[in-house]
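Participant: Using the sequences and the hints, build the whole thing.
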Amino acid sequence: MRRRLTGMVLASALAITTIFGGCKGSGSAGENGQIVVYNWGEYIDPDVIDMFEEETGIKVVYEEFTTNEDMYPKVSSGAAAYDVVCPSDYMVQKMIEEGLLEKLNYDNIPNIANIDKDYLESAKQFDPDNEYCVPYCWGTVGILYNKTMVEEPIDSWDVLWDEQYKGEILMQKSVRDAFAVALKKLGYSLNSKDDAELEAAKQELIEQKPLVQAYVIDEVRDKMINNEAAIGVIYSGEAIYTQRENSDLEYVVPKEGSNVWIDGWVIPKNCSNKEGAEAFINFMCDPEIALMNFEYITYSTPNKAARELIEDEDIKNSKVAFPDKDVLDRCETFNYLGEEYDEIYNNLWKEVMSK
Amino acid sequence: MNKKSLAYPYIIWMIGFIVLPLIMVVYYGLTDNTGSFTLDNLTEILVDYNYKALWLALGLSLISTLICLILAYPLAMILKKISLNQHSFIILLFILPMWMNFLLRTLAWQTLLERNGVINSILSMLNLPKLNIINTPYAIILGMVYNFLPFMVLPIYNVIVKIDPNVINAGKDLGASNVQVFTKIILPLSVPGIISGITMVFIPALTTFVISDLLGGGKILLIGNVIEQEFTQAGNWHVGSGMSLVLMIFILLSMAILAKYDKKGEGTAF
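Those protein sequence lines, which keep their order, are chains V and E.
Residue numbering for the first sequence follows my numbering, beginning at 1 and increasing consecutively.
Residue numbering for the second sequence follows my numbering, beginning at 1 and increasing consecutively.
Calculated from the structure, these hints are not laboratory results.
Warning: the hint list may mix true and false statements.
[To be verified] Simulated pairs of lysine to any residue, SDA-like, Cα-Cα distance not exceeding 25 Å: (1) K269(V) - F231(E); (2) K355(V) - L42(E); (3) K147(V) - N246(V); (4) K124(V) - E340(V); (5) K81(E) - I70(E); (6) K74(V) - L20(E); (7) K74(V) - I23(E).
[Said to hold, decoys possible] Stretches of chain V that chain E covers, calculated by requiring three or more beta carbons in the stretch to come under 8 Å of a beta carbon on chain E: (8) 69-76; (9) 208-220; (10) 224-233; (11) 347-355.
Please read these numbers as outputs of a predicted model, since none were measured by experiment.
From the three backbone atoms N, C-alpha and C, an ideal C-beta is built for every residue, glycine too.
Facilitator: Structure, rendered in structure tokens:
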């Protein structure tokens, strides 16, 4: 969801670096062991990892994934032992329910105090007692549009079904996000388990398909910057970056409501260095570090102390990064819907895709 | 040292990376979540959207294979005619892009074809109409032809270059016209190369999911994309494997045809 390059290129680049650069780290294995971190692509300031290694003497093996769904089988099958993973809300819930996660020992994570209580409160929707997950980034899903290419300011999902923007629309290529848009447009919950509502949402998406230029994930960002399309569905965290690059772009959370999401650090059951993992999570909650990450990836931080440190007042008070409460009240988090509904959503999505 | 023992590393390699994975695909394809035997994963292909993706993939890869053949055959003939220096240069031109990663090459096409991409910028500079094929099946065909053309050229070239000039001269001495020489001598003798080229283009084109993903804008689902999504998005390895088995039927069919026409293995690419 938050990778910045096409994951496949990343994967191949990774393969190349492991072949040619594989021996780089092995000589300097940390004196305090190592941890394996599994995070979204381009979701951290690389300097932060070096600083962590220097400060703690723990070597970090860093790996990246593209979607929650890509990450899940690797962690659940135990094929690779990760120490820290950064899934989204509904995936955290699924992993808790399946007993894949280790409870955190907050004695080792004193920096949790820097995290705004409000976000810990919202995290309870998927982690009821805040036992498993420390929020890392959060944001909304909304519409990014090019002011010079649309008639009037946009405030509704309806615009994604407007004939006059045929071929100018970029949709998210992931089941839950695409269905969230259609369900919200129809005024339903984005966690709907009502077959009639889902059928209606599917019809909407099928109707929309001829108008869509492409279904993409991160490419939305670059395509919008390059004026390839007028309207795109995007994560708020990318919006600040795109606006920096192209000042014609505007981000809005539609009035019908949208998705608000939280990605957080969790420790899988089969981790090999729990203390190291907790040290890493603690390090990430340090205000200075959280600020570095925020400035690098531009995804909203739940770290209150870090937000205080933001120097640029425009960013600090940005409605995109830190929307008002009334916007958030319109938004819902994704819940894990269970295996049965996962499959139903997937099959409906395939029907949309094959039209 | 016994010569046979030299083969062991290859046997271990083949067992580990070809046979075992195949056995796993067959196992997953024929079982359900509980591990009991089922054929449901195979019949999944008959579901409307999977079936359509298969037909579309067959259609697009057939078209691409045909275009490759039409482009490659004359080129192979030209290569045979020109001097050794020149033709190794042309072959180098064909092989050179293959040193670059396949994904990067396909991504480059995305950038080239985009609405405000390189090609359209040049066209609009020349006041020519824009080319709008990105995110359509045409772009996918272009991507397939571009990526797989060398696999058609090389086997055909390899076969044609081995045709004994004396056979052609004999034909001419006996009064055959150029057309007759081509239809009665060169074409029949190059069949193994053609068949080999067809399989080498058709199979990867049929199974690709990257090209359709990058150049089709995610709007066009081929059977490769369906299988990929079963594994990555849906996390359903059983259905994914089941459909891979169905796809394998087509691959085995083309390999059977190859074996029938190319008994001596002449038409191999390298």
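Participant: Now, for every hint given, state plainly whether the structure supports it.
Facilitator: Against the structure, the hints:
Annotation: proposed proximity of K269(V) to F231(E) holds, straight-line Cα distance about 23 Å (limit 25 Å). At most 25 Å may separate the alpha-carbon atoms for a hinted pair to count; K355(V) and L42(E) meet this at roughly 22 Å. Proposed proximity of K147(V) and N246(V) is supported: the alpha carbons are some 11 Å apart, at most 25 Å. The hinted pair formed by K124(V) and E340(V) meets the criterion: a straight-line CA distance of about 24 Å does not exceed 25 Å.
Only pairs whose Cα atoms come within 25 Å are accepted, and K81(E) paired with I70(E) is accepted, the gap being roughly 18 Å. For the proposed pair K74(V) and L20(E), the alpha carbon gap of about 19 Å is at most 25 Å, so the pair holds. As the CA atoms of K74(V) and I23(E) are separated by approximately 20 Å, the hinted pair is consistent with the 25 Å bound. Under a criterion of three residues with beta carbons nearer than 8 Å to beta carbons of chain E, the stated coverage of the region 69-76 of chain V is upheld, 4 such residues being counted.
Using a Cβ-Cβ cut-off of 8 Å, 6 residues of the region 208-220 of chain V lie near chain E, which meets the minimum of three, so the contact claim holds. Taking a C-beta to C-beta cut-off of 8 Å, the region 224-233 of chain V contributes 3 residues in contact with chain E, enough for the three needed, and the coverage statement holds. Coverage of the region 347-355 of chain V by chain E holds. Counting CB-CB distances below 8 Å, 5 residues qualify, and the rule asks for three or more.
Checked against the numbered hints above, the structure breaks none of them.
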